[in-house]
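Visitor: Chains A and B supply the protein sequences, listed in that same order. Just so it is clear: in the first sequence, position 198 is 200 by the numbering used here, and no numbers are missing. Just so it is clear: in the second sequence, position 84 is 86 by the numbering used here, and no numbers are missing.
Since the hints were made in silico from the structure, they are not lab data. Built from N, CA and C at the ideal position, the CB exists for glycine as well. Accuracy of the hints is not assured; some may be wrong.
Unchecked claim - Stretch-level coverage of chain B by chain A, calculated; a stretch enters the list once three of its residues show a Cβ under 8 Å from a Cβ in chain A:
{"#": "1", "region": "50–56"}
{"#": "2", "region": "79–92"}
{"#": "3", "region": "99–107"}
{"#": "4", "region": "112–126"}
Protein chains: 2
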Amino acid sequence: MQNLTLEDVAERAGVSRSTVSRVINDQPNVSEGVRDRVWKVINETGYQPNVAARSLASQRSYMIGLVLPHSVSYLFTDPYIPHLIQGVAQSCNQSDYTLGLFHASSKEDEKKMYPRVSRAGLLDGVILQAGHHGDPLMDRMIDSDLPLVFVGRPFQDENVSYVDIDNYDGAYNAVSHLIKLGYRRIATIAGTELSTVGIDRKQGYIEALRDNDLTVDEDWVVEGDFTEMGGYQAMEALLPNRPQAVFAASDIMAIGAIRAIRNAGLEIPDDVAIVGFDDLPVANMSNIALTTIRQPISRLGSTAVEMLIEMIHNGSKLHNRIILSTELIVRDSCGANQELKYEAKEE
Amino acid sequence: MQNLTLEDVAERAGVSRSTVSRVINDQPNVSEGVRDRVWKVINETGYQPNVAARSLASQRSYMIGLVLPHSVSYLFTDPYIPHLIQGVAQSCNQSDYTLGLFHASSKEDEKKMYPRVSRAGLLDGVILQAGHHGDPLMDRMIDSDLPLVFVGRPFQDENVSYVDIDNYDGAYNAVSHLIKLGYRRIATIAGTELSTVGIDRKQGYIEALRDNDLTVDEDWVVEGDFTEMGGYQAMEALLPNRPQAVFAASDIMAIGAIRAIRNAGLEIPDDVAIVGFDDLPVANMSNIALTTIRQPISRLGSTAVEMLIEMIHNGSKLHNRIILSTELIVRDSCGANQELKYEAKEE
DNA sequence: GTGAAAGCGCTAACAG
DNA sequence: CTGTTAGCGCTTTCAC
Chain A
3 MQNLTLEDVA ERAGVSRSTV SRVINDQPNV SEGVRDRVWK VINETGYQPN VAARSLASQR
63 SYMIGLVLPH SVSYLFTDPY IPHLIQGVAQ SCNQSDYTLG LFHASSKEDE KKMYPRVSRA
123 GLLDGVILQA GHHGDPLMDR MIDSDLPLVF VGRPFQDENV SYVDIDNYDG AYNAVSHLIK
183 LGYRRIATIA GTELSTVGID RKQGYIEALR DNDLTVDEDW VVEGDFTEMG GYQAMEALLP
243 NRPQAVFAAS DIMAIGAIRA IRNAGLEIPD DVAIVGFDDL PVANMSNIAL TTIRQPISRL
303 GSTAVEMLIE MIHNGSKLHN RIILSTELIV RDSCGANQEL KYEAKEE
Chain B
3 MQNLTLEDVA ERAGVSRSTV SRVINDQPNV SEGVRDRVWK VINETGYQPN VAARSLASQR
63 SYMIGLVLPH SVSYLFTDPY IPHLIQGVAQ SCNQSDYTLG LFHASSKEDE KKMYPRVSRA
123 GLLDGVILQA GHHGDPLMDR MIDSDLPLVF VGRPFQDENV SYVDIDNYDG AYNAVSHLIK
183 LGYRRIATIA GTELSTVGID RKQGYIEALR DNDLTVDEDW VVEGDFTEMG GYQAMEALLP
243 NRPQAVFAAS DIMAIGAIRA IRNAGLEIPD DVAIVGFDDL PVANMSNIAL TTIRQPISRL
303 GSTAVEMLIE MIHNGSKLHN RIILSTELIV RDSCGANQEL KYEAKEE
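Model the full structure from these sequences, guided by the hints.
Guide: And the structure:
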């Protein structure tokens with residue numbers, strides 16, 4: 003029943019194998035009558051073309067890979083990877099591509115990753131989550147001749163295609179929002195410089211201050227490492243400088259910072275205002291509703307698939323980049339919803 | 003360079019195609035010398051067997067599918083699915099199987115799911131996350147002739163293989179723990195009866211009470227729907243009955259319940275003790291550290307892969323079931339860490 | 001518009 | 001131990 007071949011269908015429909023193939027692949031040069039007759043047989047028999055055979059003959063697998071290097075494993079702990087996967091899966095469903103998932107669970111796994119992903123005849127293209135600086139998998143993938151789209155800006159961003167969140171702009175808006183609210187002594191808990199995410203968000207902070215004629219004080223920039231603990235410690239380091247507001251480069255770090263602020267007996271946003279980045283669900287669930295930057299992660303994934311499929315079809319070696327914009331979500335932690343303590347800057 | 007075929011390697015090594023095939027597949031009947039010579043050529047040339055061709059000839063794709071029906075989409079919002087995926091991916095890496103991910107993003111997607119998953123020549127077997135009662139995908143998958151392993155006990159659990167958490171036992175232990183602490187008036191916020199998870203955990207609650215000669219009062223069993231809001235409302239309904247303790251069938255519902263308890267001006271665990279289930283990270287991050295049941299989700303995934311691969315190899319139609327045990331994590335919300343208000347039951 | 005024929009690159013009997 | 005020979009089920013020229 004499942005073991006029907008093109009040949010069988012052809013026989014039952016009284017045509018040749020090639021004709022059935024044309025019908026299935028929706029190709030021209032088949033008369034209406036024959037087409038209908040063949041479809042009838044196909045539907046009646048429940049015939050399904052064999053993927054392996056098709057793949058071998060056409061040199062196309064209609065399968066793409068989503069590759070997650072080990073250096074981004076920590077992203078499994080927040081909703082980033084799940085949302086990304088949902089976006090990618092949805093887009094694959096729409097385009098009728100099969101999704102292969104490659105996750106390096108350990109450093110050792112990662113070594114075998116490239117051979118597995120690049121196996122001849124397996125994938126038509128790959129989506130690679132950009133990892134930390136120096137991640138070996140990235141360079142190898144770039145050098146392969148498979149169509150490739152990065153999710154997130156890779157360090158080496160020349161001659162590659164990628165989709166990314168506008169981290170710079172998001173941070174810029176977050177800090178500008180604080181400035182408009184009247185805060186002047188604005189610190190940041192930056193992410194690690196090992197990722198472009200950390201770099202871009204920090205740059206947004208810096209430029210926002212500059213564009214508003216505020217000086218960028220090195221004492222107000224402390225690096226967290228995108229963890230709750232990192233945020234806590236960074237905030238502890240920041241507190242003696244008495245910042246009026248702080249921009250945390252991730253919600254998780256913001257939550258750590260909030261803990262530190264409260265431990266010091268200070269109130270949010272009255273004593274210190276805070277804005278995060280990511281808009282995790284927890285941002286709205288913690289004791290103080292967190293003002294933050296929302297990013298379209300699922301769309302990041304679906305866009306990557308669309309770019310990749312276009313590359314596969316056009317065989318284009320052109321390198322595109324798409325930057326998705328973010329959205330400022332104003333809640334309570336920035337102090338916008340209360341009386342201003344400081345003189346607001348008028349536009 | 004990538005386009006080498008077996009034939010090419012054979013020629014360079016001065017042997018026949020079959021010999022190279024034997025070497026690659028680690029089959030016997032090849033002399034040491036020849037074997038070495040062939041490996042040398044393979045390594046030098048970077049030859050990779052073509053997956054599609056191998057698949058077609060051997061009728062094996064060395065790829066398995068992880069299928070997530072739409073009815074479990076909500077599990078993406080907590081760490082369940084990510085952990086499951088990690089476990090599955092890790093096990094696939096070890097066995098050198100490719101992992102195909104099939105996630106139905108919508109009801110419409112779900113209709114096209116079965117044809118996509120069951121395409122001839124695509125998968126050697128599938129792992130299916132058990133969904134709600136009546137999920138159409140489950141029945142169709144069971145009827146297909148693909149090797150199949152469920153993650154989570156399906157409703158129709160005859161003649162199928164599955165791996166599951168010991169939900170019954172976990173709930174039983176959670177409630178027994180409360181009983182040992184001296185509580186007598188113990189309520190439960192049960193999950194939905196649409197899932198076996200909800201059913202099994204509720205049953206564990208009931209049996210624990212019975213085994214300790216406590217009556218099961220219908221007023222003490224309120225159904226949440228595994229959401230924070232559901233937990234909140236269930237607790238509101240429960241409060242008038244003045245329970246001393248409550249077992250929530252999930253941490254998310256426990257968090258909702260905690261909110262309701264506090265809204266009523268009551269203290270945890272002094273006025274009401276609470277135990278959850280799942281051990282989400284948030285269980286340890288909220289204001290009151292939640293006593294809960296930890297479950298090995300990642301191992302659930304890797305075990306499923308192991309079972310499936312065994313079925314594929316042995317072609318066995320035997321149906322196995324593996325139940326993984328849980329662990330009681332005692333924190334503050336159950337009151338174990340403070341003076342007991344009620345007379346503790348001695349063993 | 002349709003069919004015949006030649007592969008796609010590999011595995012797996014079957015001889016030797 | 002090794003090579004020869006058929007396929008696996010489909011796509012894709014190329015004739016007609």
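Visitor: Each hint: holds or not?
Guide: Okay, the hints, checked on the actual structure:
1. 50–56: Holds: 6 residues of the region 50–56 of chain B have a Cβ under 8 Å from chain A.
2. 79–92: holds (count 9)
3. 99–107: Check passed, 8 qualifying residues.
4. 112–126: holds (count 8)
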